[in-house]
Amino acid sequence: MTIPGPFILDQIFLVVFPYVSVIIFVLVSIRRYRREAFTFTSLSSQFLENQNHFWGLVPFHFGIITVLLGHLVGFLVPRELLAWNSHPIRLYILEGSALIAALLTLVGLTSILLRRLTDPKVRAVTSRADWVVLGSFVVQILSGLYVAVYHSWGSSWFAALAAPYLWSLVTLQPDISPVASLPWMVKVHMTSAWLMIAFAPFTRLVHILVVPNPYLWRKAQVVRWYTKWALRRGSA
Amino acid sequence: MNVRSQISMVFHLDKCIGCHTCSIACKNIWTDRKGTEYMWWNNVETKPGTGFPTAWEDQQKYRGGWELQDGKLRLRSTSKAKTITNIFHNPSMPSMDDYYEPWTYTYGDLFNAPEGADQPVARPISQVTGEYINIEAGPNWDDDLGGSPVYAESDPNLKNLTPDQREQLFAVERLVFFYFPRICNHCLNPSCVASCPSGALYKRGEDGIVLIDQKRCRGWRACVAACPYKKSFYNWSTGKSEKCVLCYPRLETGQAPACFHSCVGRIRYLGVLLYDADRIEEVAASPTDQLVDAHRSLVLNPRDPAVIAAALANGIHESVIESAQSSPVYKFVKEWKLALPPHIEFRTLPMLYYVPPMSPVMAHRDETTVGGVSEEFFHDIEDSRVPLQFLANLFGAGHQGKVLYALKKQKAIRTYRRAVTVGDIPMDVATAMLREADCSPEEAEAVYNLTSLCTFEERFVIPPMHREEAIEMMRDPLEHKGSTGFGFMESPRRGL
Ligand code: SF4
Chain A
1136 MTIPGPFILD QIFLVVFPYV SVIIFVLVSI RRYRREAFTF TSLSSQFLEN
1186 QNHFWGLVPF HFGIITVLLG HLVGFLVPRE LLAWNSHPIR LYILEGSALI
1236 AALLTLVGLT SILLRRLTDP KVRAVTSRAD WVVLGSFVVQ ILSGLYVAVY
1286 HSWGSSWFAA LAAPYLWSLV TLQPDISPVA SLPWMVKVHM TSAWLMIAFA
1336 PFTRLVHILV VPNPYLWRKA QVVRWYTKWA LRRGSA
Chain B
2 MNVRSQISMV FHLDKCIGCH TCSIACKNIW TDRKGTEYMW WNNVETKPGT
52 GFPTAWEDQQ KYRGGWELQD GKLRLRSTSK AKTITNIFHN PSMPSMDDYY
102 EPWTYTYGDL FNAPEGADQP VARPISQVTG EYINIEAGPN WDDDLGGSPV
152 YAESDPNLKN LTPDQREQLF AVERLVFFYF PRICNHCLNP SCVASCPSGA
202 LYKRGEDGIV LIDQKRCRGW RACVAACPYK KSFYNWSTGK SEKCVLCYPR
252 LETGQAPACF HSCVGRIRYL GVLLYDADRI EEVAASPTDQ LVDAHRSLVL
302 NPRDPAVIAA ALANGIHESV IESAQSSPVY KFVKEWKLAL PPHIEFRTLP
352 MLYYVPPMSP VMAHRDETTV GGVSEEFFHD IEDSRVPLQF LANLFGAGHQ
402 GKVLYALKKQ KAIRTYRRAV TVGDIPMDVA TAMLREADCS PEEAEAVYNL
452 TSLCTFEERF VIPPMHREEA IEMMRDPLEH KGSTGFGFME SPRRGL
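Taken in order, these protein sequences are the chains called A and B. Numbering (our numbering) for the first sequence: 1136 to 1371. Numbering (our numbering) for the second sequence: 2 to 497.
Just so you know, not all the hints are guaranteed correct.
[To be verified] Just so you have them, the derived chain B footprint on chain A, three or more residues with Cβ under 8 Å:
(1) 1171 to 1179
(2) 1318 to 1324
[Stated by the list, open to error] Derived SDA-like pairs (lysine to any residue); straight-line CA-CA distance at most 20 Å:
(3) B/Lys81 / A/Val1357
(4) B/Lys216 / A/Pro1299
(5) B/Lys216 / A/Tyr1361
(6) A/Lys1256 / B/Gln60
(7) A/Lys1354 / B/Ile281
(8) B/Lys83 / A/Phe1189
(9) A/Lys1354 / B/Lys482
(10) A/Lys1363 / B/Leu313
(11) A/Lys1363 / B/Gly200
(12) B/Lys83 / A/Pro1347
(13) B/Lys216 / A/Leu1344
(14) A/Lys1256 / B/Arg494
(15) B/Lys62 / A/Phe1189
(16) A/Lys1256 / B/Asp214
(17) A/Lys1363 / B/Lys338
(18) B/Lys73 / A/Lys1363
(19) B/Lys16 / B/Lys338
(20) B/Lys216 / A/Gln1356
(21) A/Lys1354 / B/Gly402
(22) B/Lys83 / A/Trp1266
(23) A/Lys1256 / B/Asn135
(24) B/Lys216 / A/Tyr1350
(25) B/Lys335 / B/Cys455
(26) B/Lys482 / B/Arg494
(27) B/Lys338 / B/Thr432
(28) B/Lys338 / B/Tyr249
(29) A/Lys1256 / B/Tyr249
(30) B/Lys73 / A/Ala1355
(31) A/Lys1256 / A/Trp1266
(32) A/Lys1354 / B/Arg280
(33) A/Lys1256 / B/Gln128
(34) B/Lys216 / A/Lys1256
(35) A/Lys1363 / B/Phe379
(36) B/Lys332 / B/Thr452
(37) B/Lys216 / A/Arg1166
(38) A/Lys1354 / B/Lys73
(39) B/Lys338 / B/Ser320
(40) A/Lys1354 / B/Gly200
Note that these hints are calculated values from the structure, not bench results. The beta-carbon is built from N, C-alpha and C at its ideal position, and this holds for glycine as well.
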């Protein structure tokens, strides 16, 4: 009997977790949407507390969306990203804005946490799942910031190392060698991200799946005809 | 011409006694659940007063409804460009403080308190947090406070009244007020529908009832901010918005909505109006002083053969057209021009109309009795206790003409009926008044009948909804009969 070495742990956290998480995410989301469409909502608490809400929700959402988009760019066009970063000025601009977005997220998250803890009305509508979500965001954002500060130029090494790893997962040929040698904090960040994906469909995070897309091009007024709808259903 | 039918309503304000039976009927059926305690899909306000939520008519504060910008209609609270930011935090969203924090009492203490020197009491506890609270506001908090400096004087409709007119309203010991019952207006140009990022709100094509699809609502709260009447409410427990459904399950089975059915003053009328859907946008963008007329011009004559043909071509059932022909709403709105839309300047084209109240107008400020007949028949209307401008702000977009017309006609009809039944007013004076008020004796009798002697069937002319036909297209009606419910069998449970 040997104690599972770091290699085994890496395999579990960085290969098994992603696949299991994504499968859970897809299956549970579909099932929840089909069985409990009613529960797909933002569960907004703005109605109960309208002031601190602004200082939490706005910076948090703008911050986290920017940060996630950054990750997405690194994943989709790693080569272009590396080319962009080849000039130090451009690298500084990119890293600087990423850091600002991350700090914005942290500020938002902090005020969200304070608001949930201190406002009695908001606390009354806070479930255990909400605390799990908030807790995992704390881990995710703090670890992300730590990595950004202490293992600098993440935008470059993300494109060079994490992107190939992610693509290897997508193409079903998992290969963790590019990320195996990364510092442990990066691995914490990655593992907790996979975990979040796994439990997202059980929590209020499902509101991300139903962001309002048709609004931008639909007509202002919506009319539904019961008879026409029935006709279509009947003939189908 | 794109003819559609709309279930429309008239509330006759002179007849409202402010008993709130309507509100209670609605509450017991629809909003007696967790998260909806604070909602009043039907509420009755005292005017002048601030209403519910507090000062809802002040769109500087709530930013509801539409506004005209370079001749184009725009939502005050949102736009396509602003949806993204508004979704995280809606700057125009009212909070619970604008309504009130719902509460109950620790009734258990009355039974379970240990023996002691004092009588046990039931203390108020919040229905949100379960903690003890100090009640600071409640439903209908300014009921009957017509003269109060805190509530009545903060009425947004007093903004352009002269100090003299204000004094008329608040003369000590001779206060005057009236009741203003409100439900969702099921508008033709609903700003709630237009604002919804998810497209969860819709207007039913067949009858015009505006509903929120509970499965598609995502709690983005845009409708709550966009409705200028504040008749879309956020359920803080389920995270979904809810609004008046005009008791459509009752209507579909031929019953009047609960608030209509239970109305003690019998102030409520319901019937079909046919209208031209192609002109909605144009009408909603009319200049303010023409809005009432333009809105009225949308309503089509259900006896006009061209209208009937167009209605049939649009799939409107013959029985619905017949129902429209005997609609009491059509008479009040179109034939007699007595009923006016509330705050038409919000430009949502409400389909609930009000007959402006006569009683507070007739109680002239210098006389103790109802105004008599003088040389100038209608002088007391212009000099009345409730200044005409106040009523004009509510029902005429600030313009007095239409309100004056409705009040004059009502006064003339009263005088005429007094001449007929009591006889202490000479008939020639009465008919002269009728003439001046643009009313024939026949019309006066018809108004009198539908106002005072109306039966249940005359007040509520409910069209057959023909749901059975739609069902037949989908499945065996007999099989359907045994398996109907609210449409989906999922409990409205709050998600995690
Ligand atoms: S039940 Fe009728 S009379 Fe009573 S408050 Fe309501 S609308 Fe007025």
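So, going through the hints one by one against the coordinates:
{"no.": "1", "hint": "1171 to 1179", "in the structure": "holds (count 9)"}
{"no.": "2", "hint": "1318 to 1324", "in the structure": "violated (count 0)"}
{"no.": "3", "hint": "B/Lys81 / A/Val1357", "in the structure": "15 Å, holds"}
{"no.": "4", "hint": "B/Lys216 / A/Pro1299", "in the structure": "40 Å, violated"}
{"no.": "5", "hint": "B/Lys216 / A/Tyr1361", "in the structure": "17 Å, holds"}
{"no.": "6", "hint": "A/Lys1256 / B/Gln60", "in the structure": "27 Å, violated"}
{"no.": "7", "hint": "A/Lys1354 / B/Ile281", "in the structure": "14 Å, holds"}
{"no.": "8", "hint": "B/Lys83 / A/Phe1189", "in the structure": "15 Å, holds"}
{"no.": "9", "hint": "A/Lys1354 / B/Lys482", "in the structure": "36 Å, violated"}
{"no.": "10", "hint": "A/Lys1363 / B/Leu313", "in the structure": "15 Å, holds"}
{"no.": "11", "hint": "A/Lys1363 / B/Gly200", "in the structure": "18 Å, holds"}
{"no.": "12", "hint": "B/Lys83 / A/Pro1347", "in the structure": "12 Å, holds"}
{"no.": "13", "hint": "B/Lys216 / A/Leu1344", "in the structure": "14 Å, holds"}
{"no.": "14", "hint": "A/Lys1256 / B/Arg494", "in the structure": "19 Å, holds"}
{"no.": "15", "hint": "B/Lys62 / A/Phe1189", "in the structure": "17 Å, holds"}
{"no.": "16", "hint": "A/Lys1256 / B/Asp214", "in the structure": "27 Å, violated"}
{"no.": "17", "hint": "A/Lys1363 / B/Lys338", "in the structure": "35 Å, violated"}
{"no.": "18", "hint": "B/Lys73 / A/Lys1363", "in the structure": "31 Å, violated"}
{"no.": "19", "hint": "B/Lys16 / B/Lys338", "in the structure": "18 Å, holds"}
{"no.": "20", "hint": "B/Lys216 / A/Gln1356", "in the structure": "19 Å, holds"}
{"no.": "21", "hint": "A/Lys1354 / B/Gly402", "in the structure": "35 Å, violated"}
{"no.": "22", "hint": "B/Lys83 / A/Trp1266", "in the structure": "30 Å, violated"}
{"no.": "23", "hint": "A/Lys1256 / B/Asn135", "in the structure": "15 Å, holds"}
{"no.": "24", "hint": "B/Lys216 / A/Tyr1350", "in the structure": "17 Å, holds"}
{"no.": "25", "hint": "B/Lys335 / B/Cys455", "in the structure": "19 Å, holds"}
{"no.": "26", "hint": "B/Lys482 / B/Arg494", "in the structure": "26 Å, violated"}
{"no.": "27", "hint": "B/Lys338 / B/Thr432", "in the structure": "19 Å, holds"}
{"no.": "28", "hint": "B/Lys338 / B/Tyr249", "in the structure": "28 Å, violated"}
{"no.": "29", "hint": "A/Lys1256 / B/Tyr249", "in the structure": "33 Å, violated"}
{"no.": "30", "hint": "B/Lys73 / A/Ala1355", "in the structure": "13 Å, holds"}
{"no.": "31", "hint": "A/Lys1256 / A/Trp1266", "in the structure": "16 Å, holds"}
{"no.": "32", "hint": "A/Lys1354 / B/Arg280", "in the structure": "16 Å, holds"}
{"no.": "33", "hint": "A/Lys1256 / B/Gln128", "in the structure": "10 Å, holds"}
{"no.": "34", "hint": "B/Lys216 / A/Lys1256", "in the structure": "25 Å, violated"}
{"no.": "35", "hint": "A/Lys1363 / B/Phe379", "in the structure": "52 Å, violated"}
{"no.": "36", "hint": "B/Lys332 / B/Thr452", "in the structure": "11 Å, holds"}
{"no.": "37", "hint": "B/Lys216 / A/Arg1166", "in the structure": "15 Å, holds"}
{"no.": "38", "hint": "A/Lys1354 / B/Lys73", "in the structure": "15 Å, holds"}
{"no.": "39", "hint": "B/Lys338 / B/Ser320", "in the structure": "25 Å, violated"}
{"no.": "40", "hint": "A/Lys1354 / B/Gly200", "in the structure": "10 Å, holds"}
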